[in-house]
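Using our numbering, the first residue of the sequence shown is number 167, and each one after it goes up by one.
Quick caveat, the hints were computed from the structure, so don't treat them as lab data.
Cβ atoms here follow ideal geometry from the backbone N, Cα and C, with glycine treated the same way.
Hints are supplied without guarantee of correctness; some may be wrong.
[Stated by the list, open to error] Label pairs and their computed distance ranges (CB to CB):
| hint | residue 1 | residue 2 | range |
| --- | --- | --- | --- |
| 1 | Glu300 | Ser340 | 14 to 24 Å |
| 2 | Ser499 | Gly545 | 30 to 40 Å |
| 3 | Thr383 | Glu449 | 41 to 51 Å |
| 4 | Pro385 | Glu300 | 16 to 26 Å |
| 5 | Ser279 | Asp455 | 35 to 45 Å |
| 6 | Gly428 | Asn553 | 46 to 56 Å |
| 7 | Gly545 | Glu456 | 19 to 29 Å |
| 8 | Leu549 | Ala216 | 20 to 30 Å |
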Amino acid sequence: MTLSSPHSSASHAANLELRMRDLLPAVRARAPQAKALRRLPDETIADLKAIGFFRALLPHRLGGMELPPAEFFRLQVMLGEACMSTAWAGGIIAVHPFQIALMDRRAQDEVFSADPDTLVSSAYAPVGRVTMAEGGFRLSGRWAWSSGSDHCSWALLGAIVPGEGYRTFLVPRSDYQVEDTWRSMGLEGTGSNDVVVQDAFVPDHRTHRQSDGFRLTNPGVTPESHPMYRIPWGQLFVRTVSCAAIGAAKAALDLYIRAVQGPASNDPTKLAADVDTQRRIAEAANCLDEVEVVMYRNLRQLLDQASAGQEVPMLDRIKFRYQASIVIEKCLSVVDSLFSVAGGRSVYSGSEIQQRFLDLHVARAHIANHPVPFARNFGNALLGGENQDFFV
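Given only the sequences and the hints, what does the whole structure look like? Please build it.
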């Protein structure tokens, strides 16, 4: 296989960014429809397929673009500015080709050889029940929060293999049911429904060991594979469930700025000349700049080291994991600060800034966005302790 050149990757990224910008007004206009449907509209899924978004991280040999991860997440931030539900569900679906590219090539071909735009959802909580079977495993269970699952024909599901540890199981739609359970106060359009499996057979080649993802011994990665597939898988997924918040917080800041620049209401804190208003805007803009700078720096470092054949130091892997987990906290500080002085109209149904407020608070409930255990692991590592997290 011939690896894509930096020039071709840059061309793909620039072209996809332009097409995404053209799509954003439609995504923004469909946000109320996504909320009402409690899933992404079919038209949005079709549009994201048409521009190639779901193929951004797919290997070239399967019809993908092999886009640098930093450029992929830049697109997710853009989507988040238009509709956080679309960025959340769409980004999570679009990151799965990266994990499947780490799996046995038989699994890759089963999913993508007929259609490179095949969509895959996930639910990684290790709640599945596993028993050994000849050539693989029997899997049963119910998994919550499978974002975008209505649109997908495969699912990646987490479970503990007795005597071994955590694996992800790749299951076709014929072997599971999607149950309509997603009734939430925010991120309504993500369609994060339950996936239910009853005694399905999963061959060994359609599983991914957490230990392979951690040690970078993934069976689908060969010397001919693009270097980005040597980036630890956990580093990409955890960014997917925090990155959409950056776009949503940017949108909230833009909404607030436009509001205070408009006609003054009876609330003096909405006046653009108000000192506290200016302070809140400055702090918000600076906070969002910080989280983006850190994210893109980390992603570039990961790709640079993978391309050079270097190992990412464990301390950096732990630090990057922690820094991904605090994105939601930082974006919440921005949106909460702005929403608290957004005026009386912000509390009515249909308020755009309120939607960002609610979306971010729901995103905070995801376990990957709870920074305490990742802070503890990072602090322990800085003090010379052993790593306790194998999804780094």
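Exercise. Against which earlier hints does the structure fall short, listed by number upward?
Worked result: When the structure is compared with the hints, numbers 2 and 8 turn out to be violated.
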